[in-house]
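Participant: Listed below are the residues making up each chain.
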Amino acid sequence: MTTQPDAAERAAEKAARSSYGRLIAILAATDRNIAAAEDALSDALLSALDHWPRHGIPANPDAWLLTAARNRQKNAARARTNHQKAEPDLLLHLFLPEDAPFPDERLRLMFVCAHPAIDPAARAPLMLQTVLGLDAARIARAFLTEPAAMSQRLVRAKARIRDTGLRFALPEPADLPERLAEVLDAIYAAFTQGWDGLDTPDAPDALTGEAIWLARLLVALLPEEPEPKGLLALMLYCTARRAARRDAAGAFVPLEHQDSRLWNRDLIIEAEGLLTDAARAARFGRYQCEAAIQSVHIQRPITGSLNLTALRTLYDLLVAHTDGIGAQIGRAIILAESGDPNAGLAALDALDPARVAAHQPWWVARHRIARLSGDLDLAETALDTAINLTEDPALRAFLRAQGPTSPN
Amino acid sequence: MQYMLILNETAEDFARRTDPATTGEYWGGWNAFIGAMAQAGIIVKGDGLQGPHTATTIRIRDGKRMVQDGPFADTKEQLGGYFVIDVPDLDTALDWATRAPSALSASVELRPVLPPMPAPGT
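Those protein sequences? They're chains A and B, same order as listed.
Final position of the first sequence in full-length UniProt numbering is 408; the numbers increase by one with none missing.
Final position of the second sequence in full-length UniProt numbering is 122; the numbers increase by one with none missing.
The hints are simulated quantities; they were obtained by calculation from the structure and are not laboratory data.
Quick caveat, the model's predicted, so the values are computed rather than measured.
Careful, some of the hints might be misleading.
Claimed, not checked - Here are some of the chain A residues that sit facing chain B, going by a computed Cβ distance under 7 Å:
| hint | residue |
| --- | --- |
| 1 | G165 |
| 2 | R167 |
| 3 | V319 |
| 4 | H321 |
To be verified - Okay, the calculated beta carbon distance ranges per label pair:
| hint | chain 1 | residue 1 | chain 2 | residue 2 | range |
| --- | --- | --- | --- | --- | --- |
| 5 | A | H321 | B | T57 | 48 to 58 Å |
| 6 | A | L176 | B | Q50 | 56 to 66 Å |
| 7 | B | H53 | A | E391 | 26 to 36 Å |
| 8 | A | G403 | B | K76 | 43 to 53 Å |
| 9 | A | I325 | B | K76 | 50 to 60 Å |
| 10 | A | R355 | B | V67 | 24 to 34 Å |
| 11 | B | T23 | A | D323 | 32 to 42 Å |
| 12 | B | M1 | A | E9 | 33 to 43 Å |
| 13 | A | A149 | B | K76 | 41 to 51 Å |
| 14 | A | G403 | B | T98 | 48 to 58 Å |
Every residue, glycine too, gets a C-beta built ideally from N, C-alpha and C.
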């Protein structure tokens, strides 16, 4: 039986995309060697491209790839044994029948990638590479890093996992909340990294889709945990508004002036469902809180007004849950908009000056709040600083238009 | 896997070892920690070290032996002792290191021990 080469290639690509992380997780679980697992899997993919067109696509491409990769690993291990007596590894020699379902180890892989002993800057990239199979160059573009530097960071992280003996397992129930938070933060870091580049017309490398994919996987693998649902909802709310964030001329449109008809209803409905579902666990957390804030904003066009009381409660909760500067700034703005600009200014001024001096959102908030309080001089100085700190040309243009004569 | 717990201490920690007012509490803390590790059967070897004032350093430069007292490094933390423990993974080693008294005042560094070299000719 023969198959068209391009059909075989497509089947191999499909298997690679859908199963990459699953296979890497299984292959690396035995000896913690992610780099060797990646080598073995690429070899297996290459040999699939050679075999499948001639012998037909196997009934279970994933199992075929796993077996082929295991054989590569076995050969490599045998080669190493000649130099060094490697400890026998039962799993390494385990041969799965072609139609047997194999366990999903991706959850363990995510927890290893986000281990506290791994450089925080490497956690999200490592997850994107090992679970989704993205290449280092693409990740480097999205993280605005040199490809060589990103490759080095990833290689170093993999060497740490191999050599330091990180536990390749799910955390104990007592450790789960803290460790899960590391995984969620890494996924959110991938999302925001992509988000920053999203408005640049030629930003095909935005990682938002990949981050959402990882969050969906986490929700499926940990259905009892509310925070993964909160994170997924948060990212879906943001993505839903994507088309409304720029006008026809490419200018930045702030949330309160966005045309809600451009928002993606399907994503919003899905996000609302996730948030309701997460609330059933009655375990509140940072991401559920941030998603709930988005939900309040999204309801404005439906109810006709922004529920400032709800926002104030949510921001108070959020500030209690994180020491994130964004949460503090958001809370200050809501204080001012609910009629207490002096409290808003005081909340802004209470933040560590070293942390806010070059933080653009702080200056934008200061401009907005000073304006609400009627202190136009203070508002103008803050706006000038904010403009100087803004790199995005569309956002700069938007801020310039907020000058003293603007009706906003 | 075997890990070395590199136990760093502050100058105050070293002083507490012999100060009559603190020596009981100091050694009591370490004995509890070491006792727990011994009971778990994970200790491969380990020792406390005398303070940095007893250190002697040797270098060979241009074939000449240079002996120096010290170092009296200007750092807050100095090596005070070490243990090699045998545990399944880094996470378990971290759990043990967290219980070391010097983790509270200074720091504990963890390093995996290199596996033994194969005998020549095998």
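Participant: Decide, hint by hint, whether the structure agrees.
Facilitator: Hint check results:
no., hint, verdict
1, G165, "holds, 4 Å"
2, R167, "holds, 4 Å"
3, V319, "violated, 29 Å"
4, H321, "violated, 25 Å"
5, H321/A <-> T57/B: 48 to 58 Å, "holds, 50 Å"
6, L176/A <-> Q50/B: 56 to 66 Å, "violated, 43 Å"
7, H53/B <-> E391/A: 26 to 36 Å, "violated, 54 Å"
8, G403/A <-> K76/B: 43 to 53 Å, "holds, 52 Å"
9, I325/A <-> K76/B: 50 to 60 Å, "violated, 30 Å"
10, R355/A <-> V67/B: 24 to 34 Å, "violated, 49 Å"
11, T23/B <-> D323/A: 32 to 42 Å, "holds, 40 Å"
12, M1/B <-> E9/A: 33 to 43 Å, "holds, 42 Å"
13, A149/A <-> K76/B: 41 to 51 Å, "violated, 31 Å"
14, G403/A <-> T98/B: 48 to 58 Å, "holds, 55 Å"
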